[in-house]
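Novice: As a plain string of letters, each chain reads:
There are 2 protein chains.
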Amino acid sequence: MAAQTVESTGNPTVDLGPAAALSCRECGHRVPLGPVFACEECFGPLEIAYDFSAYDTEELRRRIEAGPANIWRYAPLLPVPADVADKPNLNPGWTKLVKADNLARELGVTGGLYVKDDSGNPTHSFKDRVVAQALEAARAFGFTTLSCSSTGNLAGAVGAAAARAGLRSCVFIPHDLEQGKVVMAAVYGGELVGIEGNYDDVNRFCSELIGDPAGEGWGFVNVNLRPYYAEGSKTLAYEICEQLGWRLPDQIVVPIASGSQLTKIDKGLQELIRLGLVEDRPYKIFGAQAEGCSPVSTAFKAGHDVVRPQKPDTIAKSLAIGNPADGPYVLDIARRTGGAVEDVTDAEVVDAIKLLARTEGIFAETAGGVTVGVTRKLLKDGVLDPAKSTVVLNTGDGLKTLDAVAGTGLTATIRPNLDSFREAGLAS
Amino acid sequence: MAAQTVESTGNPTVDLGPAAALSCRECGHRVPLGPVFACEECFGPLEIAYDFSAYDTEELRRRIEAGPANIWRYAPLLPVPADVADKPNLNPGWTKLVKADNLARELGVTGGLYVKDDSGNPTHSFKDRVVAQALEAARAFGFTTLSCSSTGNLAGAVGAAAARAGLRSCVFIPHDLEQGKVVMAAVYGGELVGIEGNYDDVNRFCSELIGDPAGEGWGFVNVNLRPYYAEGSKTLAYEICEQLGWRLPDQIVVPIASGSQLTKIDKGLQELIRLGLVEDRPYKIFGAQAEGCSPVSTAFKAGHDVVRPQKPDTIAKSLAIGNPADGPYVLDIARRTGGAVEDVTDAEVVDAIKLLARTEGIFAETAGGVTVGVTRKLLKDGVLDPAKSTVVLNTGDGLKTLDAVAGTGLTATIRPNLDSFREAGLAS
Numbered sequence: 001m002a003a004q005t006v007e008s009t010g011n012p013t014v015d016l017g018p019a020a021a022l023s024c025r026e027c028g029h030r031v032p033l034g035p036v037f038a039c040e041e042c043f044g045p046l047e048i049a050y051d052f053s054a055y056d057t058e059e060l061r062r063r064i065e066a067g068p069a070n071i072w073r074y075a076p077l078l079p080v081p082a083d084v085a086d087k088p089n090l091n092p093g094w095t096k097l098v099k100a101d102n103l104a105r106e107l108g109v110t111g112g113l114y115v116k117d118d119s120g121n122p123t124h125s126f127k128d129r130v131v132a133q134a135l136e137a138a139r140a141f142g143f144t145t146l147s148c149s150s151t152g153n154l155a156g157a158v159g160a161a162a163a164r165a166g167l168r169s170c171v172f173i174p175h176d177l178e179q180g181k182v183v184m185a186a187v188y189g190g191e192l193v194g195i196e197g198n199y200d201d202v203n204r205f206c207s208e209l210i211g212d213p214a215g216e217g218w219g220f221v222n223v224n225l226r227p228y229y230a231e232g233s234k235t236l237a238y239e240i241c242e243q244l245g246w247r248l249p250d251q252i253v254v255p256i257a258s259g260s261q262l263t264k265i266d267k268g269l270q271e272l273i274r275l276g277l278v279e280d281r282p283y284k285i286f287g288a289q290a291e292g293c294s295p296v297s298t299a300f301k302a303g304h305d306v307v308r309p310q311k312p313d314t315i316a317k318s319l320a321i322g323n324p325a326d327g328p329y330v331l332d333i334a335r336r337t338g339g340a341v342e343d344v345t346d347a348e349v350v351d352a353i354k355l356l357a358r359t360e361g362i363f364a365e366t367a368g369g370v371t372v373g374v375t376r377k378l379l380k381d382g383v384l385d386p387a388k389s390t391v392v393l394n395t396g397d398g399l400k401t402l403d404a405v406a407g408t409g410l411t412a413t414i415r416p417n418l419d420s421f422r423e424a425g426l427a428s
Numbered sequence: 001m002a003a004q005t006v007e008s009t010g011n012p013t014v015d016l017g018p019a020a021a022l023s024c025r026e027c028g029h030r031v032p033l034g035p036v037f038a039c040e041e042c043f044g045p046l047e048i049a050y051d052f053s054a055y056d057t058e059e060l061r062r063r064i065e066a067g068p069a070n071i072w073r074y075a076p077l078l079p080v081p082a083d084v085a086d087k088p089n090l091n092p093g094w095t096k097l098v099k100a101d102n103l104a105r106e107l108g109v110t111g112g113l114y115v116k117d118d119s120g121n122p123t124h125s126f127k128d129r130v131v132a133q134a135l136e137a138a139r140a141f142g143f144t145t146l147s148c149s150s151t152g153n154l155a156g157a158v159g160a161a162a163a164r165a166g167l168r169s170c171v172f173i174p175h176d177l178e179q180g181k182v183v184m185a186a187v188y189g190g191e192l193v194g195i196e197g198n199y200d201d202v203n204r205f206c207s208e209l210i211g212d213p214a215g216e217g218w219g220f221v222n223v224n225l226r227p228y229y230a231e232g233s234k235t236l237a238y239e240i241c242e243q244l245g246w247r248l249p250d251q252i253v254v255p256i257a258s259g260s261q262l263t264k265i266d267k268g269l270q271e272l273i274r275l276g277l278v279e280d281r282p283y284k285i286f287g288a289q290a291e292g293c294s295p296v297s298t299a300f301k302a303g304h305d306v307v308r309p310q311k312p313d314t315i316a317k318s319l320a321i322g323n324p325a326d327g328p329y330v331l332d333i334a335r336r337t338g339g340a341v342e343d344v345t346d347a348e349v350v351d352a353i354k355l356l357a358r359t360e361g362i363f364a365e366t367a368g369g370v371t372v373g374v375t376r377k378l379l380k381d382g383v384l385d386p387a388k389s390t391v392v393l394n395t396g397d398g399l400k401t402l403d404a405v406a407g408t409g410l411t412a413t414i415r416p417n418l419d420s421f422r423e424a425g426l427a428s
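Chains as they are written, first to last, in our numbering: chain A, 1 to 428; chain Y, 1 to 428.
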């Protein structure tokens with residue numbers, strides 16, 4: 001339990017619960033909690049170091065189990081104040097872990113197959129989990145504007161969270177985004193700014209703004225609040241284990257965009273082991289990408305430690321990060337746990353979306369098609385063990401990527417009479 | 001507690017838990033549980049009569065509170081077998097009751113304002129609640145095909161529920177429905193049949209099919225399974241009261257399509273009172289319609305007991321039933337409880353969708369715009385009491401009716417540099 005325990009390094013005005021300091025993932029250099037994201041010594045990524053030293057395992061378990069049906073049941077393990085559940089926020093999480101017996105039969109899994117369905121979150125993607133952490137950090141640092149660059153799920157998650165929290169929001173998107181996505185981001189009433197340029201231009205501008213007085217008081221959830229934001233993905237690990245009856249799954253299949261979600265799921269599992277909340281036994285983490293944006297999968301298969309950037313071209317737009325910041329950490333984790341990283345074609349993504357919908361009644365975003373498709377492929381290739389318990393993540397909602405399955409349609413057209421019905425072969 | 005208690009009238013092969021018989025709402029004639037929906041004596045609607053006589057209040061409360069985080073915590077009060085939670089279904093319900101303090105401030109409500117947000121259901125509308133009941137009835141009666149006519153939410157709910165349950169599904173829609181809606185219904189892989197005709201033709205055909213051997217083994221969730229189906233709306237009443245700490249709200253605003261949801265919410269509240277789970281004190285139920293389909297509101301204001309059919313013309317398509325079957329019962333309930341029925345224009349619906357999104361981060365379907373809009377109107381008119389606790393239902397998801405807010409868009413367009421940002425007046 002002591003491994004990641006550190007003494008607080010100051011900043012007593014900031015109450016973010018058990019978060020004690022920021023610590024560099026590369027060199028271990030420690031700085032006080034603040035809106036910074038890169039190590040001043042080595043430019044490595046900063047992440048939260050916690051003080052969990054006071055926790056008694058059984059008392060903690062009881063406290064969690066008596067907590068609310070959302071991520072705040074895990075407040076003792078997150079960078080948030082103890083009274084977080086009383087503040088206005090979207091209360092995401094505690095989404096369903098669906099025992100997918102129909103899908104298991106189709107795929108030949110006998111050890112138990114589960115879908116962690118994050119489409120049940122307030123704005124229907126896992127982004128609500130991470131934004132909720134960034135929001136608490138923004139409050140702690142006195143920020144008055146919540147911001148991000150986004151082309152999809154994150155825009156809605158930030159807009160909605162800020163609206164409920166009573167903060168200003170300002171979301172930056174490429175000016176020529178599809179109208180449907182603009183509407184989903186605009187409806188929450190915050191500033192929605194179109195940038196004349198592509199997504200890279202939007203990101204470059206946001207970095208510039210953070211360093212300028214014009215951006216004072218602005219919390220960019222995935223830039224200067226990134227260390228806090230990223231921790232939200234740990235709650236996926238906590239929920240999966242608690243919903244399995246405080247047990248680790250044998251195998252878990254996670255989508256890779258920046259790779260942050262996968263690394264934080266591993267961090268969450270490690271914390272549960274150290275805290276004694278689950279038995280310490282092996283688990284394997286598998287990463288899933290779309291072939292059209294598969295830099296991590298390519299590196300994994302080639303046995304490389306570095307990830308060569310790619311130009312994304314896939315329908316799985318929520319995963320289309322060609323230069324994933326946490327790619328090397330993902331490779332480490334997949335190799336250390338005995339997992340793998342694999343990719344599937346867009347056609348396989350679409351097939352997998354339909355497979356999951358047809359077998360379990362879950363309509364997944366393209367990212368869910370990627371994880372289900374990769375699960376099918378890894379089972380076929382004998383990389384995933386069908387006799388082991390397996391959890392597959394669906395991180396978003398099919399209603400947001402309707403275009404991917406636009407080919408789906410009527411199975412028959414008939415005239416409104418019984419003869420026409422019988423002719424079509426529809427009678428029982 | 002004894003008021004609705006009846007002795008079983010037979011059909012011992014059907015185990016639907018506390019459901020004892022079907023009873024005519026008009027004449028009280030009782031028949032055994034079966035796939036029938038109209039009284040053979042008077043053609044009145046049949047509804048479920050329960051045997052709750054064995055329940056001890058505190059034991060029942062403990063049993064509910066220890067139950068799963070979905071509608072099956074209320075299995076002892078629903079027409080479902082005791083082991084329903086172990087069967088494959090979508091496990092809807094236990095959606096968030098959001099304390100809407102920002103919205104309350106804007107509307108001047110001081111007595112506590114809550115939004116019951118049913119967009120959190122598996123297919124993102126309250127229909128998952130009712131379909132889940134129909135599914136259990138279909139299983140009990142040995143049906144192998146789950147069916148419905150629909151132009152929206154119900155199609156997806158039936159397709160998804162049948163997929164997970166391993167039943168065949170067959171959904172009938174007008175052949176020329178918008179492509180987006182077709183995709184949402186088709187993705188679950190069941191039969192999706194386009195009927196050459198309008199929605200009335202679809203319904204007429206379905207009624208014909210039910211009476212024909214070609215339809216043997218078919219359960220139409222909202223026709224021959226309607227008495228079971230409709231009971232699902234009671235769970236909204238149960239959840240609201242339990243989430244308020246086993247208290248009745250003073251006022252509740254419910255959308256009206258067929259009117260069934262409102263009447264079953266009243267039934268649910270009455271049951272909780274009779275069972276001793278909540279204190280017996282007055283509550284008022286308010287019905288909400290869109291002006292373009294306001295037959296019940298029109299009858300209420302005119303002081304009529306009968307509802308004159310209208311031809312719907314509104315963006316609130318999920319409420320667009322021009323001849324609502326339960327209209328007269330809605331009028332009864334609104335008058336008996338001291339409530340009212342009101343309507344709002346499409347423009348007010350859109351404004352209300354945006355108001356709810358901007359204040360609480362909840363993106364509602366047009367039906368949610370109707371209830372929020374009517375709430376605002378009734379407060380302004382002094383019909384709703386701002387000092388009383390008030391619950392407003394949002395029964396669907398904004399992602400399904402994006403067209404309604406298509407006018408929402410960018411608040412600014414800038415070049416990717418700080419000068420352009422400052423010029424636009426966006427700096428803090």
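The hints are simulated quantities; they were obtained by calculation from the structure and are not laboratory data. Some clues are possibly wrong.
A pair holds if it fits inside one copy or across any two, identical chains being indistinguishable in the list.
Straight-line alpha carbon distances no greater than 20 Å define the calculated SDA-like cross-link-like pairs of lysine to any residue that follow [what the hints assert, rightly or not]:
(1) K181 <-> Q310
(2) K388 <-> P45
(3) K311 <-> Y199
(4) K87 <-> T151
(5) K181 <-> G409
(6) K181 <-> S428
(7) K87 <-> G112
(8) K87 <-> R335
(9) K87 <-> V182
(10) K181 <-> T110
(11) K181 <-> A427
(12) K99 <-> A69
(13) K181 <-> L402
(14) K377 <-> P328
(15) K311 <-> E242
(16) K99 <-> N323
(17) K311 <-> D250
(18) K181 <-> D403
(19) K311 <-> P88
(20) K87 <-> R358
(21) K87 <-> K99
Novice: Taking the hints in turn, state whether each one holds.
Specialist: How the hints compare with the structure:
1. With identical chains, the CA atoms of K181 and Q310 are never at most 20 Å apart, being 24 Å at best within one copy and 35 Å at best between copies.
2. Within a single copy, K388 and P45 get their C-alpha atoms no closer than 34 Å, and across copies no closer than 51 Å, so neither meets the 20 Å cut-off.
3. In the homo-oligomer, the alpha carbons of K311 and Y199 lie at most 20 Å apart inside one protomer (12 Å), although the nearest pairing across protomers, at 47 Å, exceeds that limit.
4. Taking identical chains as interchangeable, the C-alpha atoms of K87 and T151 are never at most 20 Å apart, the minima being 28 Å within one chain and 39 Å between chains.
5. In this assembly of identical chains, K181 and G409 lie within 20 Å of each other by CA distance solely across copies; the values are 10 Å between and 23 Å within a copy.
6. Taking the shortest Cα distances, K181 and S428 never come within 20 Å of each other, neither inside one copy (42 Å) nor across copies (26 Å).
7. With identical chains, the CA atoms of K87 and G112 are at most 20 Å apart between copies only, with a shortest distance of 16 Å across copies and 38 Å within one.
8. Taking the shortest alpha-carbon separations for K87 and R335, neither the intra-copy value of 40 Å nor the inter-copy value of 38 Å comes in at or below 20 Å.
9. Taking identical chains as interchangeable, the C-alpha atoms of K87 and V182 are never at most 20 Å apart, the minima being 28 Å within one chain and 40 Å between chains.
10. For the identical chains of this complex, K181 and T110 are neighbours neither inside a copy (40 Å) nor across copies (36 Å), given an alpha-carbon limit of 20 Å.
11. Taking identical chains as interchangeable, the C-alpha atoms of K181 and A427 are never at most 20 Å apart, the minima being 41 Å within one chain and 25 Å between chains.
12. For a Cα distance limit of 20 Å, the shortest separation of K99 from A69 qualifies both inside one copy, at 19 Å, and across copies, at 15 Å.
13. Taking CA atoms no more than 20 Å apart as the test, K181 paired with L402 passes in both settings, with 11 Å inside one copy and 10 Å between copies.
14. In this homomeric assembly, K377 and P328 never come within 20 Å of each other (Cα to Cα): the closest approach is 23 Å inside a single copy and 57 Å across copies.
15. When the C-alpha separation of K311 and E242 is checked against a cutoff of 20 Å, the pair qualifies neither within a copy, at 38 Å, nor between copies, at 52 Å.
16. Within a single copy, K99 and N323 get their C-alpha atoms no closer than 34 Å, and across copies no closer than 41 Å, so neither meets the 20 Å cut-off.
17. For the homomeric pair K311 and D250, neither the shortest alpha-carbon distance inside one copy (33 Å) nor that between copies (57 Å) is at most 20 Å.
18. Taking CA atoms no more than 20 Å apart as the test, K181 paired with D403 passes in both settings, with 12 Å inside one copy and 12 Å between copies.
19. Taking the closest pair of Cα atoms, K311 and P88 never come within 20 Å of each other, the shortest separation being 39 Å inside a single copy and 42 Å across copies.
20. In this assembly of identical chains, K87 and R358 lie within 20 Å of each other by CA distance solely across copies; the values are 17 Å between and 39 Å within a copy.
21. Proximity of K87 and K99 under a CA criterion of 20 Å is satisfied inter-copy only: 11 Å between copies versus 33 Å inside one chain copy.
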